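One letter stands for each residue in the lines below.
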Amino acid sequence: MRIGIVCPYSWDVPGGVQFHIRDLAEYFLRLGHEVSVLAPADDDTPLPPYVVSAGRAVPVPYNGSVARLNFGFLSAARVRRWLHEGAFDVIHIHEPTSPSLGLLTCWAAQGPIVATFHTSNPRSRAMIAAYAILQAALEKISARIAVSEYARRTLVEHLGGDAVVIPNGVDVDFFAKAEPRPEWQSDEARGLTGKEAGGTIGFIGRIDEPRKGLPVLMRALPEILAARPGARLLVAGRGDEKEAVASLPAGLRSRVEFLGMVSDEDKARFLRSVDLYVAPNTGGESFGIILVEAMSAGAPVLASDLDAFAQVLDQGEAGELFPNEDAGALAAAAVRLLGDPKRRAGLRERGSAHVRRFDWSTVGADILSVYETVTAGAAAVAADERATGLRARLGLARD
Amino acid sequence: MTATLIWTLAVLVAIGLYLSWTAGRLDRLHARIDAARAALDAQLLRRASVAQELATSGVLDPAASIVLYEAAHGARQAEEEHREVAESELTQALRAVFEEPAQVDAVREAPGGEEATRELAEAVRRVPMARRFHNDAVGAARRLREHRKVRWFRLAGHAPFPLAFEMDDEPPAALVDRAA
Numbered sequence: 001m002r003i004g005i006v007c008p009y010s011w012d013v014p015g016g017v018q019f020h021i022r023d024l025a026e027y028f029l030r031l032g033h034e035v036s037v038l039a040p041a042d043d044d045t046p047l048p049p050y051v052v053s054a055g056r057a058v059p060v061p062y063n064g065s066v067a068r069l070n071f072g073f074l075s076a077a078r079v080r081r082w083l084h085e086g087a088f089d090v091i092h093i094h095e096p097t098s099p100s101l102g103l104l105t106c107w108a109a110q111g112p113i114v115a116t117f118h119t120s121n122p123r124s125r126a127m128i129a130a131y132a133i134l135q136a137a138l139e140k141i142s143a144r145i146a147v148s149e150y151a152r153r154t155l156v157e158h159l160g161g162d163a164v165v166i167p168n169g170v171d172v173d174f175f176a177k178a179e180p181r182p183e184w185q186s187d188e189a190r191g192l193t194g195k196e197a198g199g200t201i202g203f204i205g206r207i208d209e210p211r212k213g214l215p216v217l218m219r220a221l222p223e224i225l226a227a228r229p230g231a232r233l234l235v236a237g238r239g240d241e242k243e244a245v246a247s248l249p250a251g252l253r254s255r256v257e258f259l260g261m262v263s264d265e266d267k268a269r270f271l272r273s274v275d276l277y278v279a280p281n282t283g284g285e286s287f288g289i290i291l292v293e294a295m296s297a298g299a300p301v302l303a304s305d306l307d308a309f310a311q312v313l314d315q316g317e318a319g320e321l322f323p324n325e326d327a328g329a330l331a332a333a334a335v336r337l338l339g340d341p342k343r344r345a346g347l348r349e350r351g352s353a354h355v356r357r358f359d360w361s362t363v364g365a366d367i368l369s370v371y372e373t374v375t376a377g378a379a380a381v382a383a384d385e386r387a388t389g390l391r392a393r394l395g396l397a398r399d
Numbered sequence: 001m002t003a004t005l006i007w008t009l010a011v012l013v014a015i016g017l018y019l020s021w022t023a024g025r026l027d028r029l030h031a032r033i034d035a036a037r038a039a040l041d042a043q044l045l046r047r048a049s050v051a052q053e054l055a056t057s058g059v060l061d062p063a064a065s066i067v068l069y070e071a072a073h074g075a076r077q078a079e080e081e082h083r084e085v086a087e088s089e090l091t092q093a094l095r096a097v098f099e100e101p102a103q104v105d106a107v108r109e110a111p112g113g114e115e116a117t118r119e120l121a122e123a124v125r126r127v128p129m130a131r132r133f134h135n136d137a138v139g140a141a142r143r144l145r146e147h148r149k150v151r152w153f154r155l156a157g158h159a160p161f162p163l164a165f166e167m168d169d170e171p172p173a174a175l176v177d178r179a180a
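As they're listed, the protein sequences go chains A and B.
Numbering of the first sequence is given in UniProt numbering, commencing with residue 1 and proceeding in unit increments.
Numbering of the second sequence is given in UniProt numbering, commencing with residue 1 and proceeding in unit increments.
It is worth saying that the hints were derived from the structure and are not from the lab.
Note that the structure is predicted; figures quoted are calculated from it, not measured.
Just so you know, even glycine gets a beta-carbon here, dropped at the ideal spot from N, CA and C.
Among the hints, a few may not be true.
Claimed, not checked - Rough simulated footprint, nothing fancy, chain A against chain B, three-plus residues with beta-carbon under 8 Å:
no., stretch
1, 34 to 45
2, 63 to 74
3, 120 to 129
4, 136 to 149
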């Protein structure tokens, strides 16, 4: 099958959607399909062979943060050329409502189009204003995929129609087989009997983005350290480290270690090493891939009770939940879990069994099922001549 | 005078282009419904065929075989207006037969059973998908067709008003053990 995938966000900047597309493309390539990914990228960024650059993305404020998007005349022309040269059986657009390549492709293409909705933003004012335009473009999508039941609900409420739920994929074995690193493990985990009750707590995410919830964890930390003086907090992610610990009493700051950005390998080893992974995110999550990664690596998970997280954690069966933004409840749960190896072993076991459904072998097969379903009754993808508008309708277009 | 004439003409042309664009949109939606319906038919037929094969293969007990055969046969032979009921009955029969994980394991162990179970699991997973895509397209077309401009100018032409395909397509839990 010839598959075209459209990534709306810049390939230069790592992000959940980009990683999802990369893994998906590589999964299809391994199965012997032909895959081409159209993504915004700087000219000097080294790209994998299957990625086609749609030009430089422009940073614009969108949806509460600065997003790097592609739009305009040149991008539209590049999309059309890509469609024309690719001759795809199916195209898969990610995040079709973001004002970027996804929407442009929707405009320019006809034929079997599959779209994945990643975010579950509340309806923005811009979306209401652009509703008529958006609807005409979204009507062309033959199959919609939502990454969680929660994302599907928002989609149905805001845009009408329906979607199938296929979760994001994770390479479970990559995480399950990683080697723990002794310096990230607690004394207990290494089989040493520490002098004081301890344990290592892991956190991965942007330090300076409050949505990721590090401030909540910082508020809970004094209480955790009071009960377990030997505990350490390991933080992996970009951001200002001094500012992050500013709220902590000076004596406790040494219990927090910053690892900066970590590679994929180190991320897996990190998750294999910690005694407890905490996800205190306060909102804006539609899936929670990091929880799946933590469970794959066998880390017991303690997460805020966002809808998306509760769903990934099987309503608290595969990992523990605490009330969102409640530092006291977070501290109490963390202290209890760190002091209860049996409960952690139970969570580890249930988590490992639960994540199998998020493995690429399952998720990729489901997405391929969607492709096969929509291509069964339809012709291949082509540039939509009607979309060229006036010229085509007046018979002036070149063919 | 000439200016008024030019303006009137310009407005008329603009309205004409807008209506032609809307008709194009509607045409595309109808084509999408046709494609989605063809895909749904293909998946339903595939499911009934696999079910019938399993029913006649002898790996199931005689009672289950009869129930499944009856339902699969009914689904394949149903007239258009009874199709939704017949397909729902096949779904219920499949759920009844494959309710227990032990039954699924027993089929899997039979010669050729691994292959048959995989095909059936795939079929019962794809039917709800295809149906959702079909009904999504139907919903979009209906929303547009109910609009004034479409009704007044009869932009839908003679195309029949699209109908959703309603059926029970909940797959047997033991066969698709995964998150929704």
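### Task
Check, residue by residue, whether the stretch 34 to 45 of chain B contains three or more positions whose beta-carbon lies closer than 8 Å to a beta-carbon of chain A, and give the verdict.
holds (count 8)
#### Entry: Verdict on chain A covering the stretch 136 to 149 of chain B, criterion of 3 CB contacts below 8 Å
Since 6 is at least three, the answer is holds.
### Query
How about the stretch 63 to 74 of chain B: do at least three of its residues have a C-beta closer than 8 Å to a C-beta of chain A?
It is violated: at least three residues are needed, and the stretch 63 to 74 of chain B offers just 0 whose Cβ sits closer than 8 Å to chain A.
#### Entry: Claimed coverage, the stretch 120 to 129 of chain B by chain A - three or more beta carbons nearer than 8 Å
With 5 residues in contact (Cβ-Cβ under 8 Å with chain A), the coverage given for the stretch 120 to 129 of chain B holds.
In this structure, only the earlier hint numbered 2 is contradicted, and the remaining ones agree with it.
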